Amino acid sequence: MIACLSIPGFELRAALRERPRLALAPAALAPEPGTEALIGSVTAAAEAAGVRPGMRLGEALATTPSLQLVDPDPAAAEEAWEGIVRALEDAGFSVDSAAPGCAYFETRGVERLYGGLEPALKRALKAAGTGWDARVGAASRKFTALAAANVARSGQALVVSDERTREFLSPLPVGLLPLEAQKQEELKELGVKRLGELAGLPGGAVAERLGPDGRRAWGLARGGSKRRVRGRRPPAELVESLEFPEAVGNELTLRRSLGVLVDRLLSRQERGGRALRKLALAGRLVGGGSWRRTITLRDATADPARLRAAIAPKLADLPAPLVMLRLEALALAESVGNQLELVRPEGDELRAHLSEGLRQVRAGTGSGSVCTVVEVAPWSRLPEQRALLVPRDD
Amino acid sequence: MVAPARAASTARSARRLNAPVQVRVEAHVDGSPRRVNRSPVAVVREEWRVVDRWWTEEPVSRRYFDVVLAGGERAVVFLDEEVGRWFSQRGT
Chain A
1 MIACLSIPGF ELRAALRERP RLALAPAALA PEPGTEALIG SVTAAAEAAG
51 VRPGMRLGEA LATTPSLQLV DPDPAAAEEA WEGIVRALED AGFSVDSAAP
101 GCAYFETRGV ERLYGGLEPA LKRALKAAGT GWDARVGAAS RKFTALAAAN
151 VARSGQALVV SDERTREFLS PLPVGLLPLE AQKQEELKEL GVKRLGELAG
201 LPGGAVAERL GPDGRRAWGL ARGGSKRRVR GRRPPAELVE SLEFPEAVGN
251 ELTLRRSLGV LVDRLLSRQE RGGRALRKLA LAGRLVGGGS WRRTITLRDA
301 TADPARLRAA IAPKLADLPA PLVMLRLEAL ALAESVGNQL ELVRPEGDEL
351 RAHLSEGLRQ VRAGTGSGSV CTVVEVAPWS RLPEQRALLV PRDD
Chain B
1001 MVAPARAAST ARSARRLNAP VQVRVEAHVD GSPRRVNRSP VAVVREEWRV
1051 VDRWWTEEPV SRRYFDVVLA GGERAVVFLD EEVGRWFSQR GT
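Protein chains in written order, with my numbering: chain A, 1 to 394; chain B, 1001 to 1092.
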């Protein structure tokens, strides 16, 4: 069986963890800066007041003037989701994380461990933890498992047997299908509102009208294909962060801080000499909320200058000053080491001597005792505002 | 730059360089320092004021003194007029 663990409105729930009172009030996830003004997930109180996810911001505020907008906190959501996925992995499930708030896993391997399918699903719900209102659906196909998870109540595990798949999917709305809003509308205009109605149409006619996406949706409405779930390889925990004593918006300072984080990340022993393939740059914003960008490198590298050049331009997207900057290594290359150089570049030997000297100082005085001075506001009239002491352990 | 070993406890977060350190100062009637940490002041080399951030909720109003102590060492101390306490500071 394939199981799907779903947490509806996960990003809103993650953003509301800091302000739990708002969970009971009409609240919605605010649009990301620079994107179309459409609201994200909404709370139950907002839904009861007539606000729907994906509504235009103006329309939502006109419908419910007391609607509170919650700034997205992608870094907190990512962190919380990673915690849930790891808890599932610790419970023995091989997890394929589709998106924050939605994960698939095979139950076959752990059913004997927990004494059957139902106990295994209960164990998965327990691993997800309380407070998230997780639910689980299980079926022999991925889409049916997703549909079952969407139908299940909070804390419920709903199992759909193979022979009941068509009957189960038939009355569900077409909104469950991964189709663009425009094509969803087109289906509704054609009078197709339920999965059963779509599944009853000839496949060729659907493909002709809605294209390849429509043909795929038609296949899903009939239960979807039997594909196995491929569990992810858990990422190594390589994270370095830097907290600022006060908010920093100056790009030069942030670039210097990033340089320190890159050096620290590269010096971590867990890296085992492997180059970095994918990284995430995240930060906590001064007014609350967070910011996060992921960077996938065309060629995996452990060269600090190349890493800085690849990551630093992302700092220009910052919507507000930061109080904390974090760099995470999300994926490492498999290979270790690079082609050796015949002639070492000038200065390498001096740098090696300096590194060794600093290493000895650290060994004598402890981690964090070697620092770099990073200028923050050299023009300030207050001496303590001009520079920061940033520890470096590379 | 090598920081004191006791800084190891704050290993992962950045700290301010040249942060003010509270000192014990006895002042003359005119407000200039007479003793700094029980050491008599030999000469006041310079005096200046810094008034900043008056538009925020944390205004800064400091009266700085660059002094030479009886032992020959130099020190920069200031009276924080917002809280009425004396501090010494480097990097001025």
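Calculated from the structure, these hints are not laboratory results. Computed from a predicted structure; not experimentally measured. We put the beta carbon where it would ideally sit given N, CA and C, even for glycine. Treat the hints loosely; a few may be bogus.
Where chain B lies over chain A, by a calculated footprint (3+ residues, C-beta under 8 Å) [as the list claims (entries may be wrong)]:
no.: 1; stretch: 75–84
no.: 2; stretch: 102–115
What follows is a list of derived Cβ distance ranges for each label pair [what the hints assert, rightly or not]:
no.: 3; chain 1: A; residue 1: Val-373; chain 2: B; residue 2: Arg-1053; range: 22 to 30 Å
no.: 4; chain 1: A; residue 1: Ala-331; chain 2: B; residue 2: Glu-1058; range: 39 to 47 Å
no.: 5; chain 1: B; residue 1: Val-1060; chain 2: A; residue 2: Gly-287; range: 20 to 28 Å
no.: 6; chain 1: B; residue 1: Val-1029; chain 2: A; residue 2: Leu-69; range: 19 to 27 Å
no.: 7; chain 1: A; residue 1: Ala-305; chain 2: B; residue 2: Ala-1027; range: 51 to 59 Å
no.: 8; chain 1: B; residue 1: Thr-1092; chain 2: A; residue 2: Leu-38; range: 27 to 35 Å
no.: 9; chain 1: A; residue 1: Arg-21; chain 2: B; residue 2: Arg-1024; range: 42 to 50 Å
no.: 10; chain 1: A; residue 1: Ser-267; chain 2: B; residue 2: Glu-1058; range: 36 to 44 Å
no.: 11; chain 1: A; residue 1: Ala-48; chain 2: B; residue 2: Val-1060; range: 45 to 53 Å
no.: 12; chain 1: B; residue 1: Gln-1022; chain 2: A; residue 2: Asn-250; range: 27 to 35 Å
no.: 13; chain 1: B; residue 1: Glu-1058; chain 2: A; residue 2: Gly-273; range: 23 to 31 Å
no.: 14; chain 1: A; residue 1: Arg-21; chain 2: B; residue 2: Val-1060; range: 29 to 37 Å
Hint check results:
As drawn, the stretch 75–84 of chain A meets chain B at 0 residues by the rule of a beta-carbon pair under 8 Å; below three, the given contact is violated. Counting residues of the stretch 102–115 of chain A whose C-beta lies closer than 8 Å to any C-beta of chain B gives 0; at least three are required, and the coverage claim is violated. At about 23 Å, the beta-carbon gap between Val-373(A) and Arg-1053(B) stays in the expected band of 22 to 30 Å. Distance hint check for Ala-331(A) and Glu-1058(B): the Cβ-Cβ separation is about 43 Å, which falls inside the suggested range of 39 to 47 Å.
Distance hint for Val-1060(B) and Gly-287(A): a CB-CB separation of about 23 Å, consistent with the stated range 20 to 28 Å. Roughly 58 Å separates the CB atoms of Val-1029(B) and Leu-69(A), a value that falls outside the hinted 19 to 27 Å. Here the CB-CB span from Ala-305(A) to Ala-1027(B) is close to 53 Å, well matched to the stated 51 to 59 Å. The hinted window of 27 to 35 Å between Thr-1092(B) and Leu-38(A) is violated, with their beta carbons roughly 53 Å apart.
In this structure the hint that Arg-21(A) and Arg-1024(B) lie 42 to 50 Å apart at CB holds, the actual value being about 46 Å. Between Ser-267(A) and Glu-1058(B) the beta carbons are some 37 Å apart, a value that agrees with the proposed interval 36 to 44 Å. For Ala-48(A) paired with Val-1060(B), a C-beta distance near 50 Å keeps the hint of 45 to 53 Å intact. Look at Gln-1022(B) against Asn-250(A): about 29 Å separates their beta carbons, and that is inside 27 to 35 Å.
Look at Glu-1058(B) against Gly-273(A): about 47 Å separates their beta carbons, and that is not inside 23 to 31 Å. Roughly 36 Å separates the CB atoms of Arg-21(A) and Val-1060(B), a value that falls within the hinted 29 to 37 Å.
The structure does not agree with the numbered hints 1, 2, 6, 8 and 13 stated previously, though it agrees with the rest.
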